[in-house]
Amino acid sequence: MIGYILRRLAQMIPVVLLASVGIWAMIYAVPGSPIGALVGENATPEQIKEAIARLGLDRPMLVQYWSWLTEAVRGDLGQSIQSRDPVTTLILGRMPATIQLGLAATLVGLLLGIPVAIISALAPNSWIDRALSGWSALALGVPTFWLGILLILLFAVQLHWLPSASAYVPFFEDPGLALKNLALPAFTLGVYVSGIFARFLRAALLGELKADYVRTARAKGLRERDVVVGHVMRNAMLPFVTVVGLMMASFIGGTVVTEAVFTYPGMGRLLIQAISTRDYPLIQGCILFILLIYVTINLMVDVLYAYIDPRIDYS
Amino acid sequence: MSGKLQQAGARARRVFANPGALLSIIFILGMIAATLSARWIVPYDPLEQDLSSTLEGLSAEHWFGTDELGRDILARVIYGARTSLLTAAGAVTIAAVFGVPIGLIAGFFGGWRDAVLMRIVDVLLALPGILFAMALIAVLGRSQAAALVAVGITGIPSFARITRAQVLSLRKRDFVLAVEALGGSSTYNMLTTVLPNAWSPILVQVVILSSVAILLEAALAFLGVGIPPPTPSWGEMLRTGKSYLYDAPTYAVLPGLVLTLTILSLDTLGRRLATVLEDRHEAGDDA
Chain W
1 MIGYILRRLA QMIPVVLLAS VGIWAMIYAV PGSPIGALVG ENATPEQIKE AIARLGLDRP
61 MLVQYWSWLT EAVRGDLGQS IQSRDPVTTL ILGRMPATIQ LGLAATLVGL LLGIPVAIIS
121 ALAPNSWIDR ALSGWSALAL GVPTFWLGIL LILLFAVQLH WLPSASAYVP FFEDPGLALK
181 NLALPAFTLG VYVSGIFARF LRAALLGELK ADYVRTARAK GLRERDVVVG HVMRNAMLPF
241 VTVVGLMMAS FIGGTVVTEA VFTYPGMGRL LIQAISTRDY PLIQGCILFI LLIYVTINLM
301 VDVLYAYIDP RIDYS
Chain P
1001 MSGKLQQAGA RARRVFANPG ALLSIIFILG MIAATLSARW IVPYDPLEQD LSSTLEGLSA
1061 EHWFGTDELG RDILARVIYG ARTSLLTAAG AVTIAAVFGV PIGLIAGFFG GWRDAVLMRI
1121 VDVLLALPGI LFAMALIAVL GRSQAAALVA VGITGIPSFA RITRAQVLSL RKRDFVLAVE
1181 ALGGSSTYNM LTTVLPNAWS PILVQVVILS SVAILLEAAL AFLGVGIPPP TPSWGEMLRT
1241 GKSYLYDAPT YAVLPGLVLT LTILSLDTLG RRLATVLEDR HEAGDDA
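Protein chains in written order, with the numbering used here: chain W, 1 to 315; chain P, 1001 to 1287.
Source of the hints: derived by calculation from the structure; they are not laboratory data. Misleading hints may appear alongside valid ones.
[As the list claims (entries may be wrong)] Below, a sample of chain P positions facing chain W; criterion: calculated Cβ distance under 7 Å:
1. R1119
2. V1123
3. L1215
4. F1222
5. K1242
6. Y1244
7. T1260
Keep in mind the model is a prediction, meaning the values are calculated, not measured. Idealized CB from N, CA, C, for every residue including glycine.
Take the sequences, apply the hints, and build the full model.
Structure follows, in structure tokens:
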């Protein structure tokens, strides 16, 4: 097991290093000078001189990359051109909002997706299965930004029940207000996720239903519902954990579109603002941060998967 | 040859025997026809402003209403379809042109080539697609070409992986080994023996990736980092329309509806195609 984790880590490191070179090299690829990209195009000559000295931009490229990387590892991602705040502070400030939205959306996705998958798998190819498969296709095909707009039109513009722009309210400070603000974005994102969950879990359940132990369970007279929920679900949950994990990973990196629809102040909006103001240190920081989270969660999911399913061959 | 054509015809009939797939292809062909003939059938210029009639609702004159600059929304939706379809076609071409050879070489040779190529693919997968595209656009600047390239590059991994998996399953088959034994070069073997037998999942991927590309292009435009205005783009219309939800709700709703129908059509078609082509392998009617 430890060997497996180490092997996966060894695979991950070159990927992360290569990607980090790409992110670092960004400022050299943008139009204009890298100094302009780092301190802003309207920087004064003094600011430029100070930046060259501080960032060591007159050193060889390899040395520059190395110092950028070691500082990043220590948590120093430079400072934002716009606000002059440390990039790390800005990113960490937005993380709770994105995590809260991600968790809420996952919850909505599970609540909608699991029942859909079970009902479908209980009667494969029946009319209800086809209807629910159609629903999954719809959940996946409808762009989240359009669904979000429709929900705003209905619940905010027409009914005035919910706000059209969602603020971040920590759940434990004011659960009511937090839910009111989270309802629309979490539902919008959750519907999409439920489509993935439902499709995946249905396939996993149907695959398991062919196994011998299911025949045995049926032969001893168990009701179909008990066979599915009691026996099959447990085994189908294993691959399902992977999918849920992967979705959570892309939430933390993403939710970009949903955050834009509801002007929700998370990581995604920070990145979009950074791109539109050409705040390169902030762009680099956001992307590096998301990359690390994404890759780490992927690794954790793999390891968790191997851990809960002893049949997995680590070699 | 006529036998092959008949087979293809029979398969096409099986694809369109499904009502959903039939509706999808009708919708897509209709949209292509509309964009091709837009110059003659749309009475309005998608860029022409008329500040005396802004944010009008649906009317006989402007079926989809007008936007904040008095431009005809239907005209912009139809010209926006051109933007979407061209971006999708370009992006899928980029993805296939790079992805298929990567998968082919990695799967055929294995060993260090496989390891190196697949690590490169892993780097492309180290970020969710939309973020990768945003990062690229942050570097390239906002332009139509940047959007196309960014969306195309995010599609490379799926072509590479699917082709590789397909090639791996073919690599040790007798007919591939036979070409090798007879002294056929690896390039000859890959291009004339392996690839022609690996095409069906690649074709399915072309259709599915088109829908992904259209969605991604629209999402980038919605975020304000896609194809820059005034080029009509569905995502950009949703972005602007969102600011006028109280005055002109149909502004954002109708372009979004067309976008959604397009994505659903391509997705339905792709999945139907996959089912029919998978049955082919089970029936074993070619090899």
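### Violating hint indices (sorted, rising)
6
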